[in-house]
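Engineer: Per my numbering, the sequence shown starts with residue 1, numbered consecutively.
Worth flagging that the hints you see were computed from the coordinates, not collected in a lab. Any given hint might turn out to be false.
What the hints assert, rightly or not - Each computed EDC-like pair below joins lysine to aspartate or glutamate, with the alpha-carbon atoms no more than 16 Å apart: (1) 132 <-> 219; (2) 132 <-> 216; (3) 132 <-> 93; (4) 223 <-> 93; (5) 18 <-> 147; (6) 139 <-> 69.
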Amino acid sequence: MKRIGMIVAVEINAVLNKYGTPQEELLHKGMRLMVYNADGYQLYVLNCGIGEIAAAAGTQMLISEFGVEMIVNFGVVGGLTEEMALAKTCIVEKVVHYGFDGSQGLHYPQGQYPGTDSVYFEASKELIAHAKSMYPHLKSVVCASADKFVADPDEKRSIHSQFSADICEMEAAGILITANRNGIPCLLIKTVSDSVEGGAEEFALQVERSAEICVEIADNIIKGF
1 MKRIGMIVAV
11 EINAVLNKYG
21 TPQEELLHKG
31 MRLMVYNADG
41 YQLYVLNCGI
51 GEIAAAAGTQ
61 MLISEFGVEM
71 IVNFGVVGGL
81 TEEMALAKTC
91 IVEKVVHYGF
101 DGSQGLHYPQ
111 GQYPGTDSVY
121 FEASKELIAH
131 AKSMYPHLKS
141 VVCASADKFV
151 ADPDEKRSIH
161 SQFSADICEM
171 EAAGILITAN
181 RNGIPCLLIK
191 TVSDSVEGGA
201 EEFALQVERS
211 AEICVEIADN
221 IIKGF
């Protein structure tokens, strides 16, 4: 039976509303893990908490200790362009960890890791193609990821300008980099909860609705894979 890992930072209510009571639930190494038995696969939903470190640790745990063969992350994000309006759902093609900056000492551009030739980490092309076959309207985007909630419109525009990023959030880099290093395919589905002019207040108003849209799409993609 295929094992699929789902990483969730804060949008756990959307998971519970969608899947209901899990067949198994435990607190494992400080993180909430819920196991659902579905037709043809087991879904391991990990509520890792906020930020890159928690997301990376949770991803590695699902791979090393529970043997998942695929990682799916869904969540709400901030929009960095006028196009990425509220409740705009998208599929992440590339992630830049813009919070990683060794430019002054390592002499690499901000966001670029030593030993790589780009600031971008790529998600699974196979999973993206599968998702797009089911949802052709999903926009493929570049996600800027760092341990920072970005509310200021000028800062959002600056991140877009520097990295050609469409959205920003706080976990994708930790998840994707870890999955890629383990050779595990990774899919990231995101829904915008605060627009380029929006901030914390807009996020609070939209987060639940955006998360529900996002988990519904992620679930259908998993079932169809």
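Engineer: Take the hints in turn and mark each one as holding or not.
Structural biologist: Each hint tested on the structure:
| no. | hint | verdict |
| --- | --- | --- |
| 1 | 132 <-> 219 | holds, 14 Å |
| 2 | 132 <-> 216 | holds, 15 Å |
| 3 | 132 <-> 93 | holds, 11 Å |
| 4 | 223 <-> 93 | violated, 20 Å |
| 5 | 18 <-> 147 | violated, 28 Å |
| 6 | 139 <-> 69 | violated, 25 Å |
Violated hints for the displayed structure, listed by number in ascending order: 4, 5 and 6.
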